[in-house]
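K.L.:
Okay, here's what each chain looks like letter by letter:
There are 8 protein chains.
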Amino acid sequence: MRSRKTVIDETDLSILRFVQDNCHAPLDNVAKRLDIPKSTLHYRIKRLEKDGVIEGYHAKVNPVDLGYDYVAIILVRAKYGPRYHERVGKKIVAIPGVWAVYYVLGEYDFIVLLRATNRDDYMHKLELLSNITDIERTNTQIAAKIIKEDPRLQL
Amino acid sequence: MRSRKTVIDETDLSILRFVQDNCHAPLDNVAKRLDIPKSTLHYRIKRLEKDGVIEGYHAKVNPVDLGYDYVAIILVRAKYGPRYHERVGKKIVAIPGVWAVYYVLGEYDFIVLLRATNRDDYMHKLELLSNITDIERTNTQIAAKIIKEDPRLQL
Amino acid sequence: MRSRKTVIDETDLSILRFVQDNCHAPLDNVAKRLDIPKSTLHYRIKRLEKDGVIEGYHAKVNPVDLGYDYVAIILVRAKYGPRYHERVGKKIVAIPGVWAVYYVLGEYDFIVLLRATNRDDYMHKLELLSNITDIERTNTQIAAKIIKEDPRLQL
Amino acid sequence: MRSRKTVIDETDLSILRFVQDNCHAPLDNVAKRLDIPKSTLHYRIKRLEKDGVIEGYHAKVNPVDLGYDYVAIILVRAKYGPRYHERVGKKIVAIPGVWAVYYVLGEYDFIVLLRATNRDDYMHKLELLSNITDIERTNTQIAAKIIKEDPRLQL
Amino acid sequence: MRSRKTVIDETDLSILRFVQDNCHAPLDNVAKRLDIPKSTLHYRIKRLEKDGVIEGYHAKVNPVDLGYDYVAIILVRAKYGPRYHERVGKKIVAIPGVWAVYYVLGEYDFIVLLRATNRDDYMHKLELLSNITDIERTNTQIAAKIIKEDPRLQL
Amino acid sequence: MRSRKTVIDETDLSILRFVQDNCHAPLDNVAKRLDIPKSTLHYRIKRLEKDGVIEGYHAKVNPVDLGYDYVAIILVRAKYGPRYHERVGKKIVAIPGVWAVYYVLGEYDFIVLLRATNRDDYMHKLELLSNITDIERTNTQIAAKIIKEDPRLQL
Amino acid sequence: MRSRKTVIDETDLSILRFVQDNCHAPLDNVAKRLDIPKSTLHYRIKRLEKDGVIEGYHAKVNPVDLGYDYVAIILVRAKYGPRYHERVGKKIVAIPGVWAVYYVLGEYDFIVLLRATNRDDYMHKLELLSNITDIERTNTQIAAKIIKEDPRLQL
Amino acid sequence: MRSRKTVIDETDLSILRFVQDNCHAPLDNVAKRLDIPKSTLHYRIKRLEKDGVIEGYHAKVNPVDLGYDYVAIILVRAKYGPRYHERVGKKIVAIPGVWAVYYVLGEYDFIVLLRATNRDDYMHKLELLSNITDIERTNTQIAAKIIKEDPRLQL
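Chains A, B, C, D, E, F, G and H supply the protein sequences, listed in that same order. What the first sequence shows, in this note's numbering, is residues 1 to 155, in sequence order. What the second sequence shows, in this note's numbering, is residues 1 to 155, in sequence order. What the third sequence shows, in this note's numbering, is residues 1 to 155, in sequence order. What the fourth sequence shows, in this note's numbering, is residues 1 to 155, in sequence order. What the fifth sequence shows, in this note's numbering, is residues 1 to 155, in sequence order. What the sixth sequence shows, in this note's numbering, is residues 1 to 155, in sequence order. What the seventh sequence shows, in this note's numbering, is residues 1 to 155, in sequence order. What the eighth sequence shows, in this note's numbering, is residues 1 to 155, in sequence order.
These aren't lab readings, by the way, just hints derived from the structure by calculation. Among these hints, one or two may not hold up.
[Claimed, not checked] Quick list of in silico lysine-lysine cross-link-like pairs, DSS-like style, CA-CA up to 30 Å: (1) LYS50/H - LYS50/G; (2) LYS50/A - LYS90/B; (3) LYS90/A - LYS145/C; (4) LYS79/B - LYS79/C.
Source: prediction; values computed, not measured.
Let the hints inform the model, and build the full structure from the sequences given.
P.N.:
Below is the structure:
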């Protein structure tokens, strides 16, 4: 994880809070809501973008409407070897549907979050995962219910 | 999970693909890139918004710049009881820093993704989690490395 | 398990082998195939029915055509108590979709085979299971694929 | 699992319910009980057979009378490899006494249901299972009591 | 375990070795075999008995001939409480068929060796065990084969 | 386990009960106690010995007096292979101090009971055990207290 | 853990390195070895003491000579409750022989390092540990060999 | 562990108790406090040093001030082989930050205590550990809180 370079003050925080929630509001409205001059707002946003604090602007698409009914969290054990977490991690990331891969400390080596459209799709993806050299064991927990899934920061 | 109501065709997919990646590009550019009339683009986007396929537009904020150095995946076991997954799930969601909660089938009952700024912050949050009535056991896997974390769909 | 009372010879075996595979064939054909007089066949079958060796005649219905897409094997731990395996076993059996319940020796107390039509149906049934007093923990293994499922004896 | 092709209505359901329970009753009786014309009954049954909804007609033989006293549920872990679940699954199925094999998602890879006549017979079969290349570990749960075992659908 | 009080020399060892293997041989033969005077032999044996080094003389009865076909090793977890290992240990010992009970350090609290005549007998005994207040969980390993079972010391 | 050949009646049982407890009592006393003629007693005992029901007569030596302070129960997992339980079982038996080896069904493959004089002696024996080809893992439970250890049958 | 207040430079490091290894050498020798004026050395040491970087000066006593033959690492699970890690942690610390207690993230709640003189002493201490309200389970790993045990920092 | 050679009496104990707590007090003060002649004190201390009862005199340095924020307890499983615990133990000890390594009996083979300055430092050390040939699996428990860490004996 890169070290923190940017100093962020309260005004920045209020801007980030807003645009994280809605980045389509016209700048005028935002400036009014946050009670800062529009030029300041514009300047600060550009700076936050330049420093990488704001990484991008994305439409949030509902997975269910795109047919992604299958959500799984897979606990993975791999075989130890030189720089294994990089080699194996790279291959896991290459599997379609895999949207998060964490290299963890604990009983397991990786925790993987995966989306699939249906069981066959999931089985195919799990097969790709199992085929990765040096993956010893996978333990799948199927999500019966998504109680919450919102990666936005709580600012 | 709500049932799928909207029918989505190839043109919709190309639009979603684009705006999921960048929702700040001017409509003119998008229309040109996707080779569809601007009015069609505008109409389809409004429909996708109305149907809930597009749920919102968000700036992606880098967690590290906001001090969130601590990422944990917590495997939770709860005590069984009537509608326990709803009662307990609701309380887990209320904990600051918790951004995903899945009710799963398998050895565990819930899988929780959590962000914290430092160890004290994490300990405080873990304490809140452990204090929830009916949580029996938590098994924390600290993420030593985030190999990937991108919830955008692969369209 | 009741003790074995009936003595079964080779002829009985050949009859059972046949009717286990197909109990709709006319008796004439069966007698010819097995090379035994029709009256003997008739007599022996009646005796096997009377002794409970043949418990019934059933049409085998394809679960998939009836919408049963969800197959799960649930490993169950219960809280110990007087005659707990009977009390708890009885309640598990009462859950719709449960078609096999074994009280086992080993890490677990019961192994349960369950059919459901879809995830919601499964969740509802799992909820009924979890609500049984004295069930401590359930560990679900979803069947990704039924490689074989044929309870007929290999005679 | 093949996709569902046949549309099944209430009348079909009532027929299936009946013949699943007893497929030796004369058609006249069935027609009377279900209050449908005999010809309709005959037609529908033929159609259900042709579509594979009814897969066959079998006599149910009591395992205990055939000496099958030993019932085991074996949890199996296999070594990962290309299409391993097919290769290994095929070999497990070939073992006498194995009547169900499920490829599962979870801690284990396969769950196997096995019948044997006595301990020596079981040991021999377990040996065959352990000898399968790529089976790493088996964890046997002996059924001390069969509380229920009835694969018929609950229509 | 009481502290060792008796000093045992080589001659004692040779005597113990002999009588552990066969305590029905006439003293004359033993004395000759071990090349020690009969009076010395007699004296030493009396001393070993008096000091409790020799605890008794027992005929070894073959369990199989007495119908004990069922051998189980049960790993037990108990609920903690004041002097729990004594209270619980005492109750385990009271169960018929239990011939060894060890209070252990490790994942489990007690390891119990049990003999039973058949499955019903075992189930009854396991029921008594499960009914002991404060026993939380039992994990049974059925002995498929006794490769060795000889408590005599290797002197 | 060899099949049971000998028929044992109540009188035999009373004799076995007695000699299992004390095989040094003069035959006269035993005959009087059991209220059977001395000749009958003598005959029956010879028959029980000939049939292998009585396998021998042994002095019971106190392990503590011989310096055996260390008692361990070792749960063993072995690598699967053809007739592995025989090959591995044989090697385990060859280790000094090992007095019981059970091939079990369950999470483990073998359960081994071992005596040692002190920690170094135990470590040496454990090393021999770990060195056996195809032993994958051993899980030792040290007996903190022997609550009971008496292999005599409860007749 | 208190935040770091003191700035430590290379000279401080060389001093700490020396006195951590041997704090009985006369200051003259130390000053000569480290090639710094004695007055500077004296000043810096006083400052390091005042800031708490040097917490004390201790003779290292060999545990074996004091009869401490028994070393155990105990993995502890406790029952969750408000501020449970403080309440339970405090009670664990009060047990004689306990010299380290870590509140950990993972499968266990606490890891405890314990010294005892012999098995009875250990059992007594383990009993005190088990008796602590809210301790659910302890899993003891006896150290068969101390390969290394030196808490001095590697400066 | 070397056998105990030195006989230690009450006076020795009182001396060890004192110098273990503070070895910088002038001998005069110690002698006065313990009410023994200074010459006796000097003689006894020299003897305790010569016999290795006192192994050294060390300044206790606060790890936090040296930047060691990361404390981990790692449970290690290794692959069995001839004298594996020595070979593997030696390599673990060579890793910087490792200050204790215990070869244990139980589920695990080694328990390792490790200090690191930050996550990257820890990851690097964990990598070195994982790279050791024959280490199969490591299970890390991060210390969220050091409740106690004081290796001094309780005399």
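K.L.:
A separate judgement is required for each hint: does it hold in the structure or not?
P.N.:
Taking the hints in turn, this is what the structure says about them:
1. LYS50/H - LYS50/G: Violated, at about 33 Å.
2. LYS50/A - LYS90/B: violated (38 Å)
3. LYS90/A - LYS145/C: This hinted pair holds, its Cα atoms lying about 28 Å apart.
4. LYS79/B - LYS79/C: holds (12 Å)
When held up to the earlier numbered hints, the structure conflicts with 1 and 2 and fits the remainder.
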